[in-house]
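2 protein chains.
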Amino acid sequence: MSDDDFALSDVEVSLQPLERFEEYLQSRGKRITKQRRILVEHVFRRHEHFDADELLDELQQSRQDKLASRATVYRALTELVDAGLLRKMDLAGRAVYEHDYGYPQHDHLYCTHCHSLIEFHSDGLVKLRNEVAQGHQFRVTGHKFIVQGICEACQRSLRRQKRPLDLM
Amino acid sequence: MSDDDFALSDVEVSLQPLERFEEYLQSRGKRITKQRRILVEHVFRRHEHFDADELLDELQQSRQDKLASRATVYRALTELVDAGLLRKMDLAGRAVYEHDYGYPQHDHLYCTHCHSLIEFHSDGLVKLRNEVAQGHQFRVTGHKFIVQGICEACQRSLRRQKRPLDLM
DNA sequence: GTTGTTGCAAATTTTTTGCACCCAC
DNA sequence: GTGGGTGCAAAAAATTTGCAACAAC
Chain S
1 MSDDDFALSD VEVSLQPLER FEEYLQSRGK RITKQRRILV EHVFRRHEHF
51 DADELLDELQ QSRQDKLASR ATVYRALTEL VDAGLLRKMD LAGRAVYEHD
101 YGYPQHDHLY CTHCHSLIEF HSDGLVKLRN EVAQGHQFRV TGHKFIVQGI
151 CEACQRSLRR QKRPLDLM
Chain D
1 MSDDDFALSD VEVSLQPLER FEEYLQSRGK RITKQRRILV EHVFRRHEHF
51 DADELLDELQ QSRQDKLASR ATVYRALTEL VDAGLLRKMD LAGRAVYEHD
101 YGYPQHDHLY CTHCHSLIEF HSDGLVKLRN EVAQGHQFRV TGHKFIVQGI
151 CEACQRSLRR QKRPLDLM
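First to last, the protein sequences are chains S and D.
Here the first sequence stands for residues 1 to 168, numbered as in the working numbering.
Here the second sequence stands for residues 1 to 168, numbered as in the working numbering.
Hints are supplied without guarantee of correctness; some may be wrong.
For chains that are exact copies, the list does not tell them apart, and a pair is met inside one copy or across any two.
In silico EDC-like links for lysine to aspartate or glutamate, alpha-carbon gap of 16 Å or less [what the hints assert, rightly or not]:
hint: 1; residue 1: K127; residue 2: D82
hint: 2; residue 1: K144; residue 2: D53
hint: 3; residue 1: K127; residue 2: E98
hint: 4; residue 1: K30; residue 2: E152
hint: 5; residue 1: K127; residue 2: E48
hint: 6; residue 1: K30; residue 2: E19
hint: 7; residue 1: K88; residue 2: D100
hint: 8; residue 1: K34; residue 2: E131
hint: 9; residue 1: K88; residue 2: E58
None of these hints come from the bench; they were simulated from the model.
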């Protein structure tokens, strides 16, 4: 069986995150360690946005046998982004991560009140992005589109607070 | 003469940045100090992206009579954003600022190689943004759209470096 | 066995804050 | 005169790094 039996695109969609990460590590001469395995498994256990500190807490809380140190978590997050498994966003000063691998491309509505992130997808956005880039001879590798505002729930709670009798 | 003689939109476009800032300060019971005046004047002297540290350097370099301290610069930048004079972006870990007041709305192509920012405007983007938000009952206050990639100049220099003769 | 990896703590980097003194109002 | 503002230095917060012990390969 030759290497050609697996086209890159097939491999990309069929591998589990951990397998994909191991592939990445091997291609770079890096080692598959216990910590890296634990990290990937943990991160892809559920689909949520998180930052380095939250992840570190989860890997250390209520257990004396810490699964990974702070330094290792930071180093692994960088690798996971590099491997295309995670996406990194700079929000309000700190880095927030989310699944990228095996997850459809999307953008976010960011509520500046409760700091929640609402995902959405828009084909038109990508089209528009590529057109603009082409006009500037710019080679696109990605984008960050964050729409700031107030989510529906916060609008209601704010309305209740600020205008108790102004309903009429 | 009633207040209505000055519609908000007229006032917004006719005032100088400093005047606009003074208006903001007065409305908050804050004081118009020498440092705040110097900062606004300096920041709006030219249209460039900058971070807190660059600004601080410019206000202190080659002069023993420092124009503003680090703390004052950080505090003023927060006020200027709050006043609507500056826009803040979180790029690569640190905050980058640019003119907002009196400057047309725009977005950026961000070269991840030379870290330059290329501005562009797209009506379609705003339209698309509003449509998406409306679909989620989300009240938009703004957005950040950053297209990452390699600018034209860097594409050329990279091409030259990496494949001199394509040997080996 | 060799070489990359981890953990720890110290170091960096960026931004915030407490407080005594100063100045705009 | 008074209360907000400034500068300074220390503190915080987030992330990176040097290095000795350790573990993949």
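Hints, one by one, checked against the model:
1. Taking the shortest Cα distances, K127 and D82 never come within 16 Å of each other, neither inside one copy (25 Å) nor across copies (33 Å).
2. Neither within a single protomer nor between protomers do K144 and D53 lie at most 16 Å apart by alpha-carbon distance, with minima of 22 Å and 24 Å respectively.
3. Proximity of K127 and E98 under a CA criterion of 16 Å is satisfied in neither setting, with 23 Å inside one chain copy and 27 Å between copies.
4. Taking CA atoms no more than 16 Å apart as the test, K30 paired with E152 passes in neither setting, with 46 Å inside one copy and 33 Å between copies.
5. In this homomeric assembly, K127 and E48 never come within 16 Å of each other (Cα to Cα): the closest approach is 27 Å inside a single copy and 28 Å across copies.
6. With identical chains, the CA atoms of K30 and E19 are at most 16 Å apart within one copy only, with a shortest distance of 14 Å there and 58 Å across copies.
7. Taking identical chains as interchangeable, the C-alpha atoms of K88 and D100 lie at most 16 Å apart only when both belong to the same chain, with a minimum of 9 Å there against 26 Å between chains.
8. In the homo-oligomer, the alpha carbons of K34 and E131 never lie at most 16 Å apart, since the shortest distance is 44 Å inside one protomer and 46 Å across protomers.
9. Proximity of K88 to E58 under the C-alpha cut-off of 16 Å is found in neither arrangement, the shortest distances being 19 Å within a copy and 31 Å between copies.
The structure fails hints 1, 2, 3, 4, 5, 8, 9 (numbered hints given earlier, in ascending order).
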